[in-house]
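Asker: So in the working numbering, spot 407 of the sequence shown is number 432, and the numbers just go up one at a time.
Keep in mind that a hint or two might mislead.
Claimed, not checked - Quick list of the computed label-pair ranges, beta carbon to beta carbon:
1) Gly361 to Ala189: 20 to 26 angstroms
2) Cys176 to Arg75: 29 to 35 angstroms
3) Val68 to His180: 18 to 24 angstroms
4) Arg123 to Ser284: 29 to 35 angstroms
5) Arg75 to Val386: 32 to 38 angstroms
6) Glu309 to Ser126: 28 to 34 angstroms
7) Ala432 to Ala236: 30 to 36 angstroms
8) Arg75 to Ala397: 55 to 61 angstroms
9) Ser277 to Arg227: 38 to 44 angstroms
10) Glu241 to Glu113: 43 to 49 angstroms
11) Arg209 to Glu241: 32 to 38 angstroms
12) Gln420 to Glu365: 21 to 27 angstroms
In case anyone wonders, no lab produced these hints; they're calculated from the structure. Glycine included, C-beta positions come from ideal geometry on N, C-alpha and C.
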Amino acid sequence: MTTIRVNPRQLVLAIASAADLVGVDDKSHGKRVAIMAKECGKVLGLAPDRCEMLYEAGLLHDCGVSSTRTHRSLITELDWAGSRDHCERGYAVLAEFRPLSHLADIVRYHHTHWDELQGVLVGSEDALFANLIYLVDRVDMLAAPYYPGACHLFHTEEIRRRVAGYAGSYFCPRLVEAFLEVARNDAFWLLLTPEATGTYVRRMAASDGQAALTLEDLRRFAAIFANIVDAKSPYTKEHSEGVARLSRLLGSLSGLGTSDCDKLEIAALLHDIGKLQVPDEILEKPSSLDARETTVMRAHSFATFEILRPIEGIEDIAEWAAHHHEAIDGSGYPFGVTGEALSLQARIIRVADIFQAMAQVRPYRVASEPAAILAYLVELAAAGKVDRGIVALLQQNLDACHLAATAG
């Protein structure tokens with residue numbers, strides 16, 4: 026069985042970075058929550074491995090957030106109806122990925138009030154950890170408006186008072202005491218500035234070792250992203266899975282071996298991670314995008330590359346995913362890759378992406394028929410925008426390709 030050696034912490038950071046993209050303007054919420062959780066864990070006297078677990082849970086706590094509308098509530102309201110919906114989504118994606126499944130319950134209950142949590146996870150470590158993530162998550166919500174220029178330092182006493190007022194109801198009294206102790210120090214709050222957060226996260230990433238993951242493990246990892254992205258909008262639902270199925274089929278028809286097809290499928294699942302930074306209003310716009318909106322949308326493939334690039338061991342997968350809007354004639358984006366420099370795998374994902382998107386209902390049009398999609402791809406191939414050979418394979422296997430692209 027083919028395995029790839031990766032740094033597990035880099036996988037966690039990739040998921041966290043993807044979740045933080047939903048913030049659009051603030052891309053460090055998960056990292057700040059992770060830092061605060063770990064620092065509180067130290068004050069609680071937890072063992073180093075439990076502090077590490079808290080750190081990872083903090084990074085991943087919002088992995089169920091896809092919508093910028095949901096994110097606006099997360100950063101402006103202490104609690105609201107529907108605040109736990111994203112917790113359930115996060116639980117579902119982590120429970121399916123073996124290396125991170127131990128964090129699933131913490132994520133599931135990280136917006137559950139302490140007085141309610143006692144009836145769910147009575148006396149368990151997961152209950153304590155989930156509630157600590159909830160506490161520091163709300164601390165970040167209260168501090169976030171003041172971060173520019175470290176202005177949050179002027180509001181620390183106000184935040185400490187707010188948190189203390191929820192001891193015994195929203196938050197475990199023991200956790201509130203730990204937070205109040207560590208939050209007396211300016212150093213705790215200064216860790217939340219962009220420069221200090223970046224340094225902290227890089228140091229934590231460097232402290233982890235490597236592990237051998239199977240391609241099936243990596244596929245499940247990629248499926249986390251696919252689920253997050255496809256949950257962003259009803260119009261992107263199952264897009265990533267459809268592109269992955271069609272890419273694998275076209276890869277097989279192109280003569281790629283099983284392992285290469287596995288990696289191609291993983292890259293296709295990951296190709297649209299960057300769309301998490303696109304506001305919901307743009308993705309769901311029922312008419313053509315204007316110039317500004319088009320620019321925002323075009324940036325998503327570079328964002329995909331930025332998230333995947335730090336993961337050592339999957340450099341080829343990251344490149345294939347990030348190049349899915351590149352064109353053979355150099356007219357694509359974001360890198361302007363041309364000719365032979367554009368890999369077969371990236372060419373396949375490009376064709377599969379176009380085919381699957383056109384086969385789906387979108388806000389501004391109905392789904393196209395297979396023949397119409399093929400005709401459009403033939404035109405693109407003639408103009409040097411997509412690979413002629415891949416389009417020919419699609420034409421020879423049109424019904425099977427349409428089924429792969431659309432079968433849910």
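Asker: Now, for every hint given, state plainly whether the structure supports it.
Answerer: Now for the hints, and whether the structure bears them out:
Judged by the Cβ atoms, the range 20 to 26 angstroms given for Gly361 and Ala189 is violated: they are separated by roughly 55 angstroms. For the hinted restraint 29 to 35 angstroms between Cys176 and Arg75, the CB-CB distance of approximately 33 angstroms keeps it satisfied. Range check, Val68 to His180: Cβ separation about 21 angstroms, and the 18 to 24 angstroms hint holds. The hinted window of 29 to 35 angstroms between Arg123 and Ser284 is violated, with their beta carbons roughly 20 angstroms apart.
The beta-carbon spacing between Arg75 and Val386, approximately 47 angstroms, falls outside the hinted interval of 32 to 38 angstroms. Checked against the given bound of 28 to 34 angstroms, the beta carbons of Glu309 and Ser126, roughly 32 angstroms apart, stay inside it. Ala432 and Ala236 have their C-beta atoms about 33 angstroms apart, which keeps the hinted 30 to 36 angstroms range intact. At roughly 57 angstroms, the beta-carbon separation of Arg75 and Ala397 lies within the given 55 to 61 angstroms, and the hint holds.
With their beta carbons about 40 angstroms apart, Ser277 and Arg227 fall inside the hinted range of 38 to 44 angstroms. The given range of 43 to 49 angstroms is broken by Glu241 and Glu113, whose C-beta atoms sit roughly 25 angstroms from each other. For Arg209 and Glu241, the hinted distance range of 32 to 38 angstroms is not satisfied, since their beta carbons lie about 48 angstroms from each other. In this structure, Gln420 and Glu365 meet the distance hint of 21 to 27 angstroms, their C-beta atoms being roughly 23 angstroms apart.
Comparing the model with each numbered hint stated earlier shows that hints 1, 4, 5, 10, 11 do not hold.
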